[in-house]
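Participant: Here the protein sequences come in this chain order: A and B. Under this note's numbering, the first residue of the first sequence carries the number 211, and numbering increases by one thereafter. Under this note's numbering, the first residue of the second sequence carries the number 1038, and numbering increases by one thereafter.
Since the hints were made in silico from the structure, they are not lab data. Any given hint might turn out to be false.
[As the list claims (entries may be wrong)] Far from chain A, some chain B residues (derived; all Cβ distances over 12 Å):
1. K1175
2. L1194
3. H1353
4. V1432
[Stated by the list, open to error] Ranges between beta-carbon positions, derived for each pair:
5. A/I335 x B/W1299: 44 to 50 Å
6. A/T623 x B/I1434: 25 to 31 Å
7. B/Q1464 x A/G615: 24 to 30 Å
[Unchecked claim] For lysine-lysine, the following DSBU-like pairs were computed, each having C-alpha atoms within a straight-line distance of at most 30 Å:
8. A/K442 x A/K487
9. A/K539 x B/K1452
10. B/K1208 x A/K582
11. B/K1108 x A/K348
12. B/K1165 x A/K341
13. A/K693 x A/K675
14. A/K539 x B/K1372
Glycine included, C-beta positions come from ideal geometry on N, C-alpha and C.
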Amino acid sequence: MDFPMFHLDWLNDRFLIAVIAILHVIINHGLAVGFIPYITWLEYKGVKNAKSDEITNIEWDTLIYKKMKVAFIITTTIGAMTGVGIWFSAALVSPSSIGSLIRVFFWAWFTEWIVFVTEVVLILIYFLTWKNSNKSMKAKMRHIRFGWFLAIFSWITMALIVAILGFMMDPGSWHTTKSFFSGIFNPIYLPQLFFRTPTAMLIGGMFGLLLTSIIAKKGSEFRTTAIRYAGKWILFWTPFVLVAATIYWSVMPEAMKANMSTAVGTMEFELYYDVLKYVIISSVSLALIIAIWAVIKPKTVKVWMVIVPFVFVIGFLGIFERVREFIRKPYVIGGYMYSNLLREEDYPLYKQDGILKYATYTTVSEITEENKVEAGKNIFMLTCSRCHTTQGVNSITYVFERMYGVGQPLDTTSMSGYIPNMHVGRTYMPPFPGNARELNALSAYIKHVQQTNEPLEGVQVTGIKVNPKNSVTATVKMLEDKKSKKVN
Amino acid sequence: MFLSIKTPVPNDIPLELPLPEWLLVVLLIVSFLAHIVFVNVMVGGSILTLWGQIKGLKNKDYDVFAHEVAKTITVNKSIAVVLGVAPLLCINTLYTVYFYSANALTGLMWILIIPLVTIAFLLTYLHKYTWERLDDNKWLHISIMGLSVALFLFIPLIFLVNVNLMLFPEKWQSIQGFLSALTLPNVLPRYFHFLCSSLAVTGLFVVWYNKRKNYPVEEIYSSLTRYGLKRIGYNLALGASVAQFLIGPIVAVSLPAKGYSWGLFIPILCGVAVAVLAVRWLWKAVTGPKEDIDKNFGKIVLALTITVVFMGSGRHMYRATALAPHQKLVAAKTKEFQRLSEEARTNAANAKPVELITDPSLGEVAKGAAIFKQNCTSCHKEREKLVGPPMTEMVSIYENDPEGLKKWINAPGKKRADFPQMPAFAQLSDDDLIELSKYILSIKK
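Excised from the complex, chain B in its bound form (with noise of 0.2 Å):
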């Protein structure tokens, strides 16, 4: 391995798995796929309201398409957050050293994740109960969406660096801040490949949302048609679509060659055929007869959804052979640490207690004496205040009172408010006390 004096060798958390790691994988892959597909009508929702409201200046009813759709964005919104956390556990298991490291590394904009995603959905908040109110202030109302949309935008770029971080420990030590590990060349290629399927996956959401039966189209809008509805849908679902086949292979080039494996390609051109499937359906829908262009409907979603599933599938086989290699280090390096650990536990535990370094010249206080220097001299000289008075202040408060002194060491309270309070030294026993305080109250004056 190339760059290997640089790369770390961390320890793992020295404990098991919770449950097998195939079923942890599979859980990871099921439920990111899950949380993402919500992400992606949230951010692609935002953008199409952003769009219809600005087209709607001119046309009310693209106004009133914004303003459906918009209503969608803050439901589903709630469901991509409540869906994230579950991927969020199984990566943090699964590649604990991983995740954390890329985290700490971009650290200050992965935390800033948190206040810009909650004033993204308050802005969508604001942004939808306020539509009636700000209609004579149309461009207030649409610049509120647009810093949605911004922030919308942004913030799945902070994911994709750490997620795309996190794959190379060889490049740790070359990453300062989140701008540096923004700039490895495959961050932005994932981005816009990420920011495609947003958009599909919302011209199939408009689809479904105004093909409902119930949905009473008629009465909401006054020029715009069910098909015409539809077809907004269909014709984003087909050139964001189409976008993918050409982003795609710029995600493939750019990506590292230590993730690739030849296993690698299958789920990915089972994914590129079964998505060139759909993308013929899409096209016929949107170039075919009025009453048929729902036809393919069912299969365009089902064969979307296949090739979700074989790309996500993809991504994780990239992401387990790139990690391999240094997986086997850190565990074959955990293990020898545990070891050595071990050892050292078992070593201290036979070596016999340090035996306190008395001086024999002391005499009969020469035990307290050394139990003075472990426990109390960093606080307390003999003739001068340290963090506590000095011991010829103890001397003549307690002269004739060596239980006093001992009690007090034992549980001390609060006399003086120019000194911090002394700290209780319960653990002493009664004999080192004995010894301790014979040996104070043995200093002159």
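Isolated chain A (complex conformation) (with noise of 0.2 Å):
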């Protein structure tokens, strides 16, 4: 309503997010917080299993510190860069929402910036200086000191993203007194955290043993060393990882759970019911397995064989966050901010005067009969186009073409019909905020739609036309005749 709509017409706005998101989070997790201390354990290892005379078994060390490369070099560039991306990405799409995140968790964020900062500090001097390290045994101490710094860093910098994340699920008491802390501590967030962490380091094993089995070479006494530690350690987290999903699935409000089935993308309802209980148990099964193997045959572990267990964890991380995400609906944040990014408290306005009237930029604020499929298109881009496009991905015709049949022409007044009513059986879409005539508007640009297949493009294409009725002319007029009236 306030903001220019950018929108991807075929990618769908959400993917935009989900895909850097679902990067950023698999490279945080699988190569710096599970990924860090593994090193560390590691090149401590080295050191406790050397002989008397020297401070750490330097074919050992270049093997870890090869393995801690190729994190340096992923973490410094596609993982910082996504994390950033996702404010770019979210300012893009949502930008209602991630603007009031932000005045709510100012100094949340504020805080993990500056761990944050401590963190790339930490990654810089322990990475930079480890070959230096090795010249004295107490430089290599305070070498592998510095390694579990960062890692107590990386999984600070985690667990305050986990406190917004859990709001922004359930926002708790947040409604009441809008403060932060009732924000931080709201119901979901220990369980989540302790889910995560066994998670994050279970992919930075998994991440650990597919670069051993890359870079280590083959045969070496130091492959199958390394390759049983990572099994080891992928045993020893695996357990805590299924008892915590566990707590986290138990915790989350059976409203959400209730929309979980509809969240996994557009999968059918039944069939993928218990989706992400099954990918749980699968992957880390998998992994159990191949951890298992690593610890008891390490010499025959393959390349190949990693991969499997490894692109099913990873899935099942992904996985993980596109549900979480999208149980969120219909809010984007849970009882304050519907998806649509409408506040849930402006809606009675919205029924009574329309929601044209009240947005910045339409290319219709009066509806006639003439610019209907117009005014329906700026309606359907203002209550819409967050998560429906109109050809590509999750698009209008093809969820309304599900219900009435594939190819059959829509009908305005079925959809007319339905539209008001759909929050009531389909729990996981907002209400349509707009009043009767803008429902049939929205109606008739729909099935203009599928007439036509009018892409729908963004303002980053388009460009904007500011309402007349937001106009600072018109605002300059409203606040004179505010003052007049006051004077009379």
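Work from the hints to combine the two standalone chains into their complex.
Facilitator: Here it is, written out as structure tokens:
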């Protein structure tokens, strides 16, 4: 309503955030939170297992260093930039929600930033001083200590961001107090953190196993040892993953759980009802199998054997994030803002006067019979386009044709009958905010889209048209009228 | 205000700022300057690396110099990114409406920042870690850096277009994508202003890097001396600073008048005055005796830091003045919107709940029919399949089992492969369910 609407009509706007965010989470969990303690542990093992006349075994140390180098390069490029990318994409797709969250969570994010700066400084020190630290025992032990510090700071970064994510799913008592701490200590926080910690360790171990099997020289003694250690690491953390997943599942609010099945993409409801559960069980079992194998028969572990469970575990994290993201529906900030970026508290006003009146940018502000389709297009952009496209992923014609018959001409009366009630049966949908004329305009537009395949371009292509009712002229007049009313 | 019919007044986010505005402004300025200094050495460093490597084709020592600078880029770039988060957070909070609107209007290019920076970073790593391996394929190695420099030069332009566009809501309606926002008159002068400051800061960075006592210049270079290396830095800083005296006035002239106030001249002129001092000391360092080259280094850094703080404050003053009248309108309108919204909420809460519109002619199933109309007609018709099966089919299944029908509506399962599953209607009361099933089962097959 208040921001120009960026829109990707084929890819889907949410998809943009999802791709960036999931990539970021995989790198953050897999190559930072879970990987750094794993690497530091291995570096320490190198010192511990070294002969008495050497600081560490150089060949072993070089292997661990090489693994760290991969993590260093990836985390400081793709990892860092996808982190920033979440901000960028959210600003484009979801400006009202990210803008609101920033105001509530400013200090959490600011603290996060300080921790994050520390983390970057520590990773630079840890990686760039690695070679030099091999000169004396004292330097090596200090270097290992830096590794542990880095691990702790990576974990704190995650712990803070999880608070914010948890808030978005269930704002707890924030509704009434609207304060920072009531947001932080929402009921999902600890279970989610408890779940993410061992999961990160598991994925870190899987990355470790994969990198070892690629980097370490075939048949070398160190390859065997490193693979066995990776197996042990994974075995240690897996039970925690299972326990934590069970707890997390059980505290998710009932309403969200009920939505869960629809959350998993566009898959059919009943077939994938338990998809997350099965993905967790199967990926964790696969991880267990390869871990046990790595411990018992480390010599026989090949790259391809690791790749399958690795992909599964990554997929598990990806699906977990996607489900977590989608089960918020119909809200983007639980109980406060719907996924169409409209605040629940403003609904009565929109219902009363219509939404176009309050839209800052629209090409139509008064609906007539002639501009009905054009008006519908604006309404679609304002109320549907955050989740639906016209032709692409989760397109509006697809969702209606799936109900009324694929290829059948859509009927405006049926759609106008359905849209105001859709949130009743389909609880993941926000209620339609507009008035009756806007509803009919929207149905006419959807029919038009089906007939013409007309794409819907976002403001990044078309630019904006200011609603004369919300221009400077109109606002100045409104303020003057108010003043003169007061005087009278 | 001219163009005022085309200038939007959006509503702001109706939540309090999380900290006093002045504190947010201080945080924004300080954190932004810290960020931009590292961006400067990152961009300037990459340009210098490219220069050194090309010169190094003839004189090996310059290739070594390029390598030494290259090693710092990958560190500086990580710090530049992480320091950028705080000003991003502050500008998002302080200028939510303006910043996000500019982002959306240049949306595709704005989001391209992410992959472009990532690629630039990966290229600098590739370049750094293939120095030996590509030694006999120097041009390939140089082109990797060339590509990375090209990206580093382009990306700041996207940021500049955004922070510039956000200042001018009256221009928003005339913008169609990044390219048209790029052609606003003041973008390019500001860009060159930034580039020169990058080179100046990088020059000072090179001086500092090579004057460190424990930095073994003699071991690393064969012909270049410590003095020679420092001179490269001083020359660069001097040249770039002098160029700023030409570009600065162009920036000032090209900025639209709406952000100017007499007060703005105080920080700008103070900044210029201090910069004049810095340039004098730089000149002395370059032309003076060899042993005195570092005599004024501390003073130069301090003077240029003060200049940067003055200019940063001036930049903020311009922004504040430019946006103040519009911000006032936004605040007033937001307040009015909240009042209207509150009023509508109260009205809605006091309004009688909407009565079901019943058709009395239907007799005892009238209420059920009304409930059906409200909840079911979008998917079910009497005799034809719509989304779900027709009512007549329900009758044949549940004719003698109204309880079963009620149960189904309350919590449906999946029965038919060629139909989508029905959502649960758990919100209907038991009474409603009784009325509803009574109506459904009253339909004649």
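Participant: Does each hint hold? Answer for all of them.
Facilitator: Hints and how they fare:
For B/K1175, the non-interface assignment is confirmed: its Cβ lies about 23 Å from the closest Cβ of chain A, beyond the 12 Å cut-off. With a least CB separation of 16 Å from chain A, B/L1194 remains clear of the 12 Å interface cut-off, as annotated. Chain A leaves B/H1353 outside its interface by the beta-carbon criterion, the shortest separation being 19 Å against a cut-off of 12 Å. For B/V1432, the non-interface assignment is confirmed: its Cβ lies about 21 Å from the closest Cβ of chain A, beyond the 12 Å cut-off.
Distance hint check for A/I335 and B/W1299: the Cβ-Cβ separation is about 48 Å, which falls inside the suggested range of 44 to 50 Å. Checking the proposed 25 to 31 Å range against A/T623 and B/I1434 shows it holds: the Cβ atoms sit about 28 Å from each other. For B/Q1464 and A/G615, the hinted distance range of 24 to 30 Å is satisfied, since their beta carbons lie about 28 Å from each other. Note on A/K442 and A/K487: the hinted pairing holds, with a Cα-Cα distance of about 24 Å set against a maximum of 30 Å.
With a CA separation close to 26 Å, the supplied pair A/K539 and B/K1452 stays within the 30 Å bound. About 28 Å separates the Cα atoms of B/K1208 and A/K582, which keeps this hinted pair within 30 Å; it holds. Between B/K1108 and A/K348 the CA atoms are separated by roughly 26 Å; this keeps the pair inside 30 Å, and the hint holds. The straight-line distance between the Cα atoms of B/K1165 and A/K341 is roughly 17 Å, inside the 30 Å bound, and the hint therefore holds.
At roughly 29 Å between alpha-carbon atoms, A/K693 and A/K675 fall within 30 Å of each other, so this suggested pair holds. Taken as a hint, the A/K539 and B/K1372 pair is honoured in the structure, with Cα atoms around 29 Å apart against an allowance of 30 Å.
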